[in-house]
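Please take these sequences and the hints and turn them into a complete structure.
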Amino acid sequence: MEKRQEITQQLIEMGFNSLEAEIYLYLLVYGEQTGYAIAKGINKAAANVYKAIEALSLKGAIEYSISNKKRCIAVHWQQLLERRKKQFDDTWQTLAKNLENFKPHDDQHEQVFQIEQAEQVKAQTLALINNAQHTLLADIDPRALNWFKAALEAAANRGVEIWLKLYQPSDLKGVNIMLRENGEEIFAKTNDTAFTFAADGNAMVMANITLDGHHVVQAYRSNSVLMAFNIYSGLLYEIVLTGVKQLMPNKDYQGVQKLLDQTAHLHPISTENQVFQQYYNQYKNIRQGNI
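Start counting at 1 in the sequence shown, then tack on 163, and there's your number in this note's numbering.
FYI, nobody ran anything at the bench for these hints, they're computed from the structure. Please note: incorrect hints may appear among the correct ones.
What the hints assert, rightly or not - Calculated lysine-lysine pairs in the DSSO-like style (CA-CA distance at most 27 Å, straight line):
hint	residue 1	residue 2
1	Lys408	Lys312
2	Lys166	Lys249
3	Lys408	Lys352
4	Lys233	Lys203
5	Lys260	Lys249
6	Lys249	Lys222
7	Lys203	Lys166
8	Lys285	Lys233
9	Lys203	Lys222
10	Lys203	Lys285
11	Lys207	Lys166
12	Lys233	Lys207
13	Lys260	Lys248
14	Lys408	Lys336
15	Lys203	Lys214
16	Lys248	Lys285
17	Lys222	Lys233
18	Lys352	Lys285
19	Lys222	Lys248
20	Lys285	Lys312
21	Lys249	Lys285
22	Lys166	Lys248
23	Lys260	Lys285
24	Lys214	Lys249
25	Lys421	Lys336
26	Lys166	Lys222
27	Lys408	Lys421
28	Lys352	Lys312
29	Lys312	Lys336
30	Lys214	Lys248
31	Lys222	Lys207
32	Lys421	Lys447
Given the structure is predicted, the values throughout are model-derived calculations rather than measurements.
As structure tokens, then:
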């Protein structure tokens, strides 16, 4: 029953309504039927069933018998899916070509947006990583790391400086990693998957997603320079402190100094780096009263 409900939902996502999905599955299971027999079999009003059958015919999901048009049969599911996939691919290619002529209006620069779909959260985070140009900092639950691993390595390969706070060892290439002591115990205390990213001082994403990766607990993204500046600064101090806490138990003072030297250029205000310049220039006119 649970699998049938899942299939019904997937058919709905593919463009069927709930009654059409139910009829299509009924025909797959029981074979050729009349509209009346279908209505009786699924306990639905005959008039509604006949309308749904007509809609399914137009969608290419069922076929009528030549000898008796009152009887119909479901098109094999594999044929249906292959045809719908081709239709989707054709539409996607045409739409992408047409949309190339449109330049989206950028009216979201200083807004904070709440995201409610898990796949959209992942897509927005990948976009942040792919668009990063200089520096990217992040705190990533190991349950989320695989979603972004390839994009992080690609960003590092093109010259983006990346510093991560992680909770388990990782073989990420070209990335600076600070490993949280007793990290597995820390993330195991929560029943969700969490991560926070900040890039270049002008973009941030923070999210908590359910363990199965399908639902959002809370998620936000923003291109607000103020928001990104503060998230960046918070991540920087978390990353540095995590590294220091690894070194101090062994009294590795040289290692601590080395880490501080390696990360000194990342501090926005003291070095007036690129992140600081973003922050300063974004609000310069407001500070000077030239609004």
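Status of the hints after comparison with the structure:
| no. | hint | in the structure |
| --- | --- | --- |
| 1 | Lys408 - Lys312 | 25 Å, holds |
| 2 | Lys166 - Lys249 | 26 Å, holds |
| 3 | Lys408 - Lys352 | 20 Å, holds |
| 4 | Lys233 - Lys203 | 15 Å, holds |
| 5 | Lys260 - Lys249 | 17 Å, holds |
| 6 | Lys249 - Lys222 | 13 Å, holds |
| 7 | Lys203 - Lys166 | 23 Å, holds |
| 8 | Lys285 - Lys233 | 48 Å, violated |
| 9 | Lys203 - Lys222 | 23 Å, holds |
| 10 | Lys203 - Lys285 | 44 Å, violated |
| 11 | Lys207 - Lys166 | 21 Å, holds |
| 12 | Lys233 - Lys207 | 17 Å, holds |
| 13 | Lys260 - Lys248 | 18 Å, holds |
| 14 | Lys408 - Lys336 | 23 Å, holds |
| 15 | Lys203 - Lys214 | 15 Å, holds |
| 16 | Lys248 - Lys285 | 23 Å, holds |
| 17 | Lys222 - Lys233 | 18 Å, holds |
| 18 | Lys352 - Lys285 | 23 Å, holds |
| 19 | Lys222 - Lys248 | 13 Å, holds |
| 20 | Lys285 - Lys312 | 12 Å, holds |
| 21 | Lys249 - Lys285 | 26 Å, holds |
| 22 | Lys166 - Lys248 | 22 Å, holds |
| 23 | Lys260 - Lys285 | 25 Å, holds |
| 24 | Lys214 - Lys249 | 26 Å, holds |
| 25 | Lys421 - Lys336 | 21 Å, holds |
| 26 | Lys166 - Lys222 | 23 Å, holds |
| 27 | Lys408 - Lys421 | 14 Å, holds |
| 28 | Lys352 - Lys312 | 23 Å, holds |
| 29 | Lys312 - Lys336 | 9 Å, holds |
| 30 | Lys214 - Lys248 | 25 Å, holds |
| 31 | Lys222 - Lys207 | 21 Å, holds |
| 32 | Lys421 - Lys447 | 35 Å, violated |
Going through the hint list in order, the structure does not satisfy hints 8, 10, 32.
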